[in-house]
Amino acid sequence: MSTRTLHGRGLVGGVAEGEALVTTEALSGWGGVEPRRGRVIELRHELVGQSFAGKVLVFPGAKGSSGWSGMFHMSRLMGTAPAAMVFTTMNTKIALGVVVTRVPALTDLDGDPLTSVRTGDWVRVDADRGELTVLRTTG
Amino acid sequence: MRLAPDEQAMLDGDQGEAVAAAMDLLVRYGEVLGAERLVDTDNVCGANLFGSRHTMVCGSPGPDAAFAEHSLDAPAPLPIPAVRAQSYQLIGPMDTRNWEVQGVSPEERDAVVASEAYSAEHGIHLMNTCTPYQVGNVPVKGEHCAWMESSAVVYVNSVLGARTNVEGRESTGAAMLTGKIPYWGYHLPENRFGSHLVDVGVPVVDTLDWGLLGYWIGEQVAEGVPVLDGITATPDLVKLKHFGAAAASSGGVELYHVPGITAEARTVEEAFDGAAPAERLAYTPAERQRTYEHLNSTGRDEHVDLVMIGCPHATLGQIRDVVRLLEGRRVHADSELWVFTPRALREVAESNGYARALEAAGARLMSDTCPAIGQFLPKGTRVIATDSAKQVHYLPAIMDVQGWFGTLGDCVDAAVTGTWRGELR
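Quick note, the sequences are listed as chains S and D, same order.
In terms of this note's numbering, the first sequence opens at residue 1 and continues consecutively.
In terms of this note's numbering, the second sequence opens at residue 1001 and continues consecutively.
In short, the hints are calculated from the structure, not lab data.
As the structure is a computational prediction, the values presented were derived from the model and not from experiment.
Among the clues, some could well be false.
[What the hints assert, rightly or not] Pair by pair, the computed Cβ-Cβ distance ranges are:
1. D112(S) / T1234(D): 38 to 48 Å
2. M78(S) / D1014(D): 30 to 40 Å
3. S1052(D) / G120(S): 32 to 42 Å
4. D110(S) / S1105(D): 49 to 59 Å
5. R4(S) / Q1375(D): 28 to 38 Å
[Unchecked claim] Which residues of chain S face chain D? A partial, calculated answer using Cβ under 8 Å:
6. G31
7. K63
8. S66
9. W68
10. G70
11. H73
12. M78
13. T92
14. V98
15. V103
16. V134
17. L135
[To be verified] Footprint (simulated), chain S over chain D, 3 or more residues, beta carbon under 8 Å:
18. 1017-1030
19. 1058-1071
20. 1148-1160
21. 1166-1177
22. 1391-1404
Backbone N, C-alpha and C define an ideal beta-carbon position, used for all residues, glycine too.
Isolated chain D, as found in the complex (with noise of 0.2 Å):
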């Protein structure tokens, strides 16, 4: 890989070891990907917040170590500076008001705020969210980013027309201390185009419709880019982002065109760069139902315990038309609501008294984290349900719990009701 001369001198040490170990890093990860060179960025997310877990196999609990080993890779503990990259902390393992009610111990309680303030003081943004561009963070058309998170990646790339790749935890630590990561993979404008056409005959009208259309699609295509022929309703942010996370968890794709209303393709040639699809493939009403039928698979007993709204985290939106499907209603004694949000419109969402009318029917609005990322739920919980196309692919693996899919106002009927009623309409 060719290195320019500011990325040799950061290489050498002329900022520090830490900028060292963080260029070693971004070498031996493009070397293995087969880049020619780096990339300038000036937006970069990543996840560096780190309990008792991380630190206690640093052999090291200082915050300093756990960043070195944990989000540089490096070889020793090193004092960290100030990151150069604008830099931004993604959802986290904890909801700093609400720790308790995710089953946090206080002592691991302060590890994480003890590594936020580390965070914040070497300027990484606190976000805490899946979906940085719905507060602040919307990179242009164009723009070279360094993301993680996968509905995040597929939502900028396609959405908005910038590029990055999936990166992780150590790659997006060392893009923050460098503004720098590998020039491959979306990066580069030929790799851009379509590889599978899609032709949609089915109405995709709500939400739910969309979580289908990108879960089935990321099963055929599976790391392709799907171009997608025959979308005759606009889609919303909500819309695009439950397809894109859905498209990301059961396939891998970083990558989609809807022609005329995503950033790159006004029409289906252009899509596809003038070239013919490698492969094209017809979504019909029999894959949709079969689809609704794969993603409820896991569910079996009729009672849901805890209804998840939030994945990704919820907009104003969503959280107002949850408060209004609830108005008059109360969750049952025997279900829980949870709704998940990004902190800064949690704070909206209250000024908006949105926070209180939840609580008022006994529902709770949450931020910073999701039970999947963090690994919790409401003691006992056996089945949970949601809107969230991703969010039921991964919770019953991860928590060992049955998970029911539909809409939104199927899963406030079922918090209300304490009983699973969806099918697919």
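Chain S with its partners taken away, still in its complex shape (with noise of 0.2 Å):
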């Protein structure tokens, strides 16, 4: 079996594995995810409606309301985070939301996850080391 690495940034250290969710577009914490379940509950969003817990959320990163890493930290504490975060675009909002949801979490990648990942590849994130594995495709 192949298996494909991507290197980069790791931002909050540890390891895990999990089926990939993959959006081209930013997400909204406040208002676009409801914690509870952690689901994307904004209404014009590509994942309107699905669950990224135990997920490794692959995304552009945050945007919308400063409420983003309370959302995050919610989820967390509600037993519904991701299980690890990828994104690509850096600004308040994600950096302070990975710190919260404390799960392993990479940027700066050496190629594109967004296009790299797709929803359903099982990947595992070592943000220790910085590195993104698709361990197995959806084919």
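Each chain sits in its own coordinate frame; assemble them with the hints.
Structural data, given as structure tokens:
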């Protein structure tokens, strides 16, 4: 089985594996996700209705209100947080968000994770080594 | 990230465990950002009121535990000392006078009231508004701040020339206890120049115009720094408040320049520091029309259940305007008209007789919160109308209602007739 690995900057340490949930659209926190079930609720978002709980969320980053960190913080407390987060665009919302979600997080990868990984792929995030590996593709 | 000696001492626990946890959070956050250091701030606006929804997930109902978890991301419940920086409570979940109208239970009310008392004991000023700059917290040009609330951030960065990024609950909680925030983004002078030049080819006159322009620009520039060229009539606080709130909602605008009017650029050249704009955009009547239609795209039924004014929170002038538009008229039996304002302005509105006049006409003056933040509406509400591009952006998504956007006059007319008759003029 072939595997692909991207290398980048580990932001929050740790290692996690899981099914990837990939979107090319930035996510709103407050008003955009519902932490009780770990779901996206933003009406016009391509992931609306989908759950990120336990998945490796691969996305551009955070948009919307300053309540972003609080919603993902709440998802951790309710056990619905993503297993890991991989994103491409830094801002204060996503930075604080990944810190308080306390899951392995990566950015600044040497390839575009939004096109290298597809929803349903099984991926491993090693934030200590700064690696995103696709272990199994959806085919 | 390099820490100054006082910062290292806080991290080492010289001022107790809660301050150490706060500094630890700021270091983790600053390193993710790639900040090289922290900067001193004595002006922090955050949201630290908690209800039972927050306390129940901490494993302990105590307010110390809630603050440690939700405001500091601390690993364990900690006794919290008085705040070090000048610290302000932003808009909260509940109107302490109209909580029953909101549909808040007595138990939830008690939890929020207890949380307010806790914040007050710790020295957090209970402004309870999304517009602290309307009620006494007016940062000066160049001042380093740590503010949440996107509409407030874009106002103080742009109109006043103070410096803040969009902070979150945990970073403001940590800043309150330490007087520090990462020196990153809009704190750095070199990041405060324009990115997009917007040629405004349409007269931008009233609040509706400024809301439309802001919403359109936000969609075009995302998190860029737009510079507006072609503004001919000087806008007031209300217009810039609506403009910034709209641009921050549809995009992520945290700073803009209107040369000659806002704080940091006297000319277009100054706004770009002499460089060429990365991009040029033109705002034409067609864009204005499309933006209006987009903002009204969730509106279908003409019957309006609720008219919401005060997003961001209304000034005294806006409250007076509603009172005047209602003169000799009455809110329709099947509609509601709610006006939201900061707690402090509510006091003045009462002294001026505005609150009484609103109530006499069947409207209601509320404070401290809003329907989007508090997530409440009158029972059975299916259709809302508002003069705020921001509110019509958020409320249909959050509360699953239809939304109409128009002028203050259109909105008051809808409340009086129970019918939406607004159109773009």
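Each hint, compared with the structure:
1. D112(S) / T1234(D): 38 to 48 Å: For T1234(D) against D112(S), whose Cβ atoms are near 45 Å apart, the range 38 to 48 Å holds.
2. M78(S) / D1014(D): 30 to 40 Å: holds (35 Å)
3. S1052(D) / G120(S): 32 to 42 Å: Given about 38 Å between the Cβ atoms, the range holds.
4. D110(S) / S1105(D): 49 to 59 Å: Holds, at about 53 Å.
5. R4(S) / Q1375(D): 28 to 38 Å: violated (43 Å)
6. G31: holds (5 Å)
7. K63: holds (5 Å)
8. S66: Status holds, d = 4 Å.
9. W68: Status holds, d = 6 Å.
10. G70: At about 5 Å, which falls below the 8 Å cut-off, the nearest Cβ of chain D leaves the hint on G70(S) intact, so it holds.
11. H73: Since chain D brings a Cβ to about 7 Å from H73(S), closer than 8 Å, the hint holds.
12. M78: Check passed: Cβ of M78(S) comes within 6 Å of chain D, closer than 8 Å.
13. T92: With Cβ-Cβ at 4 Å, under 8 Å, it holds.
14. V98: holds (6 Å)
15. V103: Violated, about 13 Å.
16. V134: It is violated, given that the least Cβ distance between V134(S) and chain D is near 24 Å, above 8 Å.
17. L135: violated (26 Å)
18. 1017-1030: Check passed, 3 qualifying residues.
19. 1058-1071: The restraint on the segment 1058-1071 of chain D holds, since 3 of its residues have a Cβ under 8 Å from chain S and three suffice.
20. 1148-1160: Coverage by chain S holds here, the residue count being 4 at a Cβ distance below 8 Å.
21. 1166-1177: With 6 residues closer than 8 Å to chain S, the segment 1166-1177 of chain D meets the three-residue bar; holds.
22. 1391-1404: n = 4 at 8 Å, threshold three: holds.
In terms of the numbered hints stated before, the structure departs from hints 5, 15, 16, 17, listed from lowest to highest.
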